[in-house]
Amino acid sequence: GQNIDQPTEMTATEGAIVQINCTYQTSGFNGLFWYQQHAGEAPTFLSYNVLDGLEEKGRFSSFLSRSKGYSYLLLKELQMKDSASYLCAVRDGGFKTIFGAGTRLFVKA
Amino acid sequence: ETGVTQTPRHLVMGMTNKKSLKCEQHLGHNAMYWYKQSAKKPLELMFVYSLEERVENNSVPSRFSPECPNSSHLFLHLHTLQPEDSALYLCASSARDRDLSTDTQYFGPGTRLTVL
Numbered sequence: 007g008q009n010i011d012q013p014t015e016m017t018a019t020e021g022a023i024v025q026i027n028c029t030y031q032t033s034g035f036n037g038l039f040w041y042q043q044h045a046g047e048a049p050t051f052l053s054y055n056v057l058d059g060l061e062e063k064g065r066f067s068s069f070l071s072r073s074k075g076y077s078y079l080l081l082k083e084l085q086m087k088d089s090a091s092y093l094c095a096v097r098d099g100g101f102k103t104i105f106g107a108g109t110r111l112f113v114k115a
Numbered sequence: 551e552t553g554v555t556q557t558p559r560h561l562v563m564g565m566t567n568k569k570s571l572k573c574e575q576h577l578g579h580n581a582m583y584w585y586k587q588s589a590k591k592p593l594e595l596m597f598v599y600s601l602e603e604r605v606e607n608n609s610v611p612s613r614f615s616p617e618c619p620n621s622s623h624l625f626l627h628l629h630t631l632q633p634e635d636s637a638l639y640l641c642a643s644s645a646r647d648r649d650l651s652t653d654t655q656y657f658g659p660g661t662r663l664t665v666l
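The listed protein sequences correspond, in order, to chains A and B.
Each step along the first sequence adds one to the number in my numbering, with nothing skipped, and position 58 is 64.
Each step along the second sequence adds one to the number in my numbering, with nothing skipped, and position 29 is 579.
Be aware that one or more of the hints could be misleading.
[As the list claims (entries may be wrong)] Straight-line C-alpha distance at most 30 Å; calculated DSSO-like pairs for lysine-lysine:
| id | chain 1 | residue 1 | chain 2 | residue 2 |
| --- | --- | --- | --- | --- |
| 1 | A | 63 | A | 82 |
| 2 | B | 569 | B | 591 |
| 3 | A | 114 | B | 590 |
| 4 | B | 572 | A | 82 |
| 5 | A | 102 | B | 572 |
| 6 | A | 74 | B | 572 |
| 7 | A | 114 | A | 87 |
| 8 | B | 586 | A | 102 |
| 9 | B | 591 | B | 572 |
| 10 | A | 82 | A | 114 |
| 11 | B | 590 | A | 82 |
| 12 | A | 114 | B | 569 |
| 13 | B | 572 | B | 586 |
| 14 | A | 102 | A | 63 |
| 15 | A | 114 | A | 102 |
| 16 | A | 74 | B | 590 |
| 17 | B | 569 | A | 102 |
| 18 | B | 590 | A | 87 |
| 19 | A | 63 | B | 590 |
| 20 | B | 568 | B | 591 |
In short, the hints are calculated from the structure, not lab data.
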């Protein structure tokens with residue numbers, strides 16, 4: 007079956023670095039997305055990886071290893087406003103996007 | 551603002567009511583989606599419309615009925631819902647093509663539905 011796993015919750019300190027991991031098992035692969043979702047708001051697009059390696063975008067970076075079925079989202083210089091849920095999503099071989107349950111990140115002062 | 555709007559933002563309804571959720575996208579996209587988001591569960595894809603034709607339906611109960619009159623508007627008609635249908639209903643749109651585009655989905659703010 008199709009499965010995406012990510013930690014349920016994480017806590018980190020303002021100014022620090024945090025890495026949110028995601029592992030997936032899907033029937034085929036056509037890209038991996040990371041979304042940010044603040045409580046009561048819509049998910050917003052953060053990053054997209056389809057090839058192995060690291061994609062950097064400001065304070066956020068996303069890494070992909072297709073052979074390991076693994077990705078991580080790296081957040082640097084954490085700010086209080088980064089407290090949110092982070093959703094890992096994989097587009098499978100049929101171009102259907104499957105979402106993980108999300109990781110709730112708490113940033114403390 | 552993501553360019554995708556949803557109304558109403560909150561809805562409380564009884565099990566015998568009929569209501570509709572509305573979604574509108576201003577991004578020029580050609581695909582629209584309905585998702586259900588329950589607490590601590592992954593987003594569940596309910597329906598996909600691409601080029602105004604329904605192309606996917608994940609065995610959603612018939613008490614949910616989608617309608618897509620054109621590429622900018624999407625509705626979800628609700629009737630005789632159950633309390634377990636209470637959730638956040640999210641609409642999304644994307645520029646879907648067959649040439650391995652990113653097909654990034656842009657979400658609306660959602661409708662918080664409570665079924666009594």
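Hint by hint, here is what the structure shows:
{"no.": "1", "hint": "63/A x 82/A", "verdict": "11 Å, holds"}
{"no.": "2", "hint": "569/B x 591/B", "verdict": "24 Å, holds"}
{"no.": "3", "hint": "114/A x 590/B", "verdict": "22 Å, holds"}
{"no.": "4", "hint": "572/B x 82/A", "verdict": "38 Å, violated"}
{"no.": "5", "hint": "102/A x 572/B", "verdict": "23 Å, holds"}
{"no.": "6", "hint": "74/A x 572/B", "verdict": "40 Å, violated"}
{"no.": "7", "hint": "114/A x 87/A", "verdict": "10 Å, holds"}
{"no.": "8", "hint": "586/B x 102/A", "verdict": "15 Å, holds"}
{"no.": "9", "hint": "591/B x 572/B", "verdict": "23 Å, holds"}
{"no.": "10", "hint": "82/A x 114/A", "verdict": "14 Å, holds"}
{"no.": "11", "hint": "590/B x 82/A", "verdict": "26 Å, holds"}
{"no.": "12", "hint": "114/A x 569/B", "verdict": "41 Å, violated"}
{"no.": "13", "hint": "572/B x 586/B", "verdict": "14 Å, holds"}
{"no.": "14", "hint": "102/A x 63/A", "verdict": "25 Å, holds"}
{"no.": "15", "hint": "114/A x 102/A", "verdict": "36 Å, violated"}
{"no.": "16", "hint": "74/A x 590/B", "verdict": "26 Å, holds"}
{"no.": "17", "hint": "569/B x 102/A", "verdict": "28 Å, holds"}
{"no.": "18", "hint": "590/B x 87/A", "verdict": "21 Å, holds"}
{"no.": "19", "hint": "63/A x 590/B", "verdict": "28 Å, holds"}
{"no.": "20", "hint": "568/B x 591/B", "verdict": "26 Å, holds"}
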